[in-house]
Amino acid sequence: MMHDNTLVQVRHVDVQFQQHTVLQDVSLKMQRDEIITLIGPNGAGKSTLVRVMLGLLIPHKGSVFRQPNMRVGYMPQRLTLDPILPLTVTRFLTLGSLKKTAIIQHVLTEVGAEHLFKRPIQSLSGGEMQRVLLARALLREPDLLVLDEPIQGVDVTGQYELYELIAQIRKQRGCGILMVSHDLHLVMAATDCVVCLNQKVCCLGHPKTVVQDPAYLKLFGPRAARDLAIYTHSHEQ
Amino acid sequence: MEDFLWRALLGGLGVAVIAGPLGCFIVWRRMAYFGDTLAHSALLGIALGFLLNLKLTVHLELLTLSSLLMLSTLIVCLAIALLLVILESQKRFATDTLLGILAHSALSLGLVALAFLQGEGLRIDLYAYLFGDLLAITRTDLYWIYGGGGLILLSLVFIWQSLLSITIHEELAQVEGVSVAWIRLLFMLMVALVIAIAMKIVGILLITSMLIIPAAAARSLAKTPEQMAVLASIIGALAVVIGLTLSWHWDIPTGPAVVVAATLLFILTFLLPRTAR
Numbered sequence: 001m002m003h004d005n006t007l008v009q010v011r012h013v014d015v016q017f018q019q020h021t022v023l024q025d026v027s028l029k030m031q032r033d034e035i036i037t038l039i040g041p042n043g044a045g046k047s048t049l050v051r052v053m054l055g056l057l058i059p060h061k062g063s064v065f066r067q068p069n070m071r072v073g074y075m076p077q078r079l080t081l082d083p084i085l086p087l088t089v090t091r092f093l094t095l096g097s098l099k100k101t102a103i104i105q106h107v108l109t110e111v112g113a114e115h116l117f118k119r120p121i122q123s124l125s126g127g128e129m130q131r132v133l134l135a136r137a138l139l140r141e142p143d144l145l146v147l148d149e150p151i152q153g154v155d156v157t158g159q160y161e162l163y164e165l166i167a168q169i170r171k172q173r174g175c176g177i178l179m180v181s182h183d184l185h186l187v188m189a190a191t192d193c194v195v196c197l198n199q200k201v202c203c204l205g206h207p208k209t210v211v212q213d214p215a216y217l218k219l220f221g222p223r224a225a226r227d228l229a230i231y232t233h234s235h236e237q
Numbered sequence: 001m002e003d004f005l006w007r008a009l010l011g012g013l014g015v016a017v018i019a020g021p022l023g024c025f026i027v028w029r030r031m032a033y034f035g036d037t038l039a040h041s042a043l044l045g046i047a048l049g050f051l052l053n054l055k056l057t058v059h060l061e062l063l064t065l066s067s068l069l070m071l072s073t074l075i076v077c078l079a080i081a082l083l084l085v086i087l088e089s090q091k092r093f094a095t096d097t098l099l100g101i102l103a104h105s106a107l108s109l110g111l112v113a114l115a116f117l118q119g120e121g122l123r124i125d126l127y128a129y130l131f132g133d134l135l136a137i138t139r140t141d142l143y144w145i146y147g148g149g150g151l152i153l154l155s156l157v158f159i160w161q162s163l164l165s166i167t168i169h170e171e172l173a174q175v176e177g178v179s180v181a182w183i184r185l186l187f188m189l190m191v192a193l194v195i196a197i198a199m200k201i202v203g204i205l206l207i208t209s210m211l212i213i214p215a216a217a218a219r220s221l222a223k224t225p226e227q228m229a230v231l232a233s234i235i236g237a238l239a240v241v242i243g244l245t246l247s248w249h250w251d252i253p254t255g256p257a258v259v260v261a262a263t264l265l266f267i268l269t270f271l272l273p274r275t276a277r
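Which chain is which? The protein sequence lines are A and B, in order. 218 is the number that our numbering gives to position 218 of the first sequence; each next residue is one higher, with no gaps. 131 is the number that our numbering gives to position 131 of the second sequence; each next residue is one higher, with no gaps.
Simulated from the structure, these hints should not be mistaken for lab results. One thing to keep in mind: the hints can contain errors.
What follows is a list of derived Cβ distance ranges for each label pair [claimed, not checked]:
| id | chain 1 | residue 1 | chain 2 | residue 2 | range |
| --- | --- | --- | --- | --- | --- |
| 1 | B | Q118 | A | T21 | 43 to 51 Å |
| 2 | A | Q18 | B | T97 | 54 to 62 Å |
| 3 | B | L221 | A | K99 | 21 to 29 Å |
| 4 | A | G221 | B | G100 | 30 to 38 Å |
| 5 | B | Q161 | A | N42 | 51 to 59 Å |
| 6 | A | A102 | B | A181 | 46 to 54 Å |
| 7 | A | K61 | B | I75 | 41 to 49 Å |
Covered stretches of chain A, as calculated for chain B (at least 3 residues, CB under 8 Å) [claimed, not checked]:
| id | region |
| --- | --- |
| 8 | 75-83 |
| 9 | 163-173 |
Idealized CB from N, CA, C, for every residue including glycine.
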């Protein structure tokens, strides 16, 4: 079996919490240079699946393959920090990986947050926080980038900008990108594969086909097809 | 200056220096109540020490009473710390409820046990254990403080980045390769150790204040976590010097005097104008 390009692969994974089935018979493969978006309603098990793929949670059934020595950049859903801990953006970034100031500034510029260098973390807006979290993930020089609801708390303009940024990152770094989205309204057209999760994998495929899939419509309701705006990348691949 | 005053100063300063950075983490991790619970259970350790002393007269050539008490306290604190780690993962009761129950039942159990021992002829000064007895510090106490303190400081330096990372976002730290479980355990053990060795200074009921108040005072002046840790040690040391002086001149109990001094310093830094915000 060729594992060269495969970063993470889960096969027939089951996860239960106190007699409650969170994931059932889930299989998914994550490769380099591809963007997969995981969508599903609340309680669908998206965060749990991400935890399994990150190696934070061991499933009750099934197998998990993770590329040895794989570098992972993780962008968590949110970060709330008590004001009693004085922490600047730079200090926060050096906690993930000790890099020289020049490199930190370079990555901050890449995510459009160079002006936040010395700011206290507690003073950041939603959009600024997301960029800083992304910078921390990128500083790990990841083979796999995992973004948990990256546009949460970001205004609409910021959302478009972040999606542009993510597409650019894939192009420049060639890493695999796994995104979790709770948000139905914007699905990146540059996503190679959308996975609909509701304890099981309901449907899977390119965004254009998934939107027409009866399983998708059953999961999100017929309104979803109308409400869904597929964000079209101005630069086609 | 008298010998005992030198010892008191050295002992107090030693504890202040360790309590600074450790106290910062207690504040950052919101573990003040946890620290307090460990401190309350220390009285159970004292009772156990006296019990052993009474029943095991044969082995006492190796250990002074003071060291025996230190060891028994340490063992009980470590045991309670481990118990708390286990209890944290259960879901039936909120953590702070459990902490409250554990803290006060341990203290009460210790007091009851000591009452029985006093019935058998034991004479102890309870006040000293509850509020400290800084002016009665011995050379052996100093060895414990600087030996244990040195160990704690060294370990803290070693795990500083990891512990900070865990405190800010535990899952992120775990993904980035930090051994979360080990680091948390090590930190708990350090807190148990500092409580055992700081008992002589401010006593069981006031130890947590030596951890929290200098750290809180340092916050107003610090811009990085490292600055806050160092400043907390300095402020704690200052509180010890002021407290000792006040205690000496006005004949007031030393432990509470140190805590009052620390509180005054906290109010001072709190009221400072924030020019650079």
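- Task: List in ascending order the numbers of the hints, as given earlier, that are violated by the structure.
- Result: Numbers 1, 2, 4, 5, 6, 9 - these are the hints that the structure violates, sorted from lowest upward.
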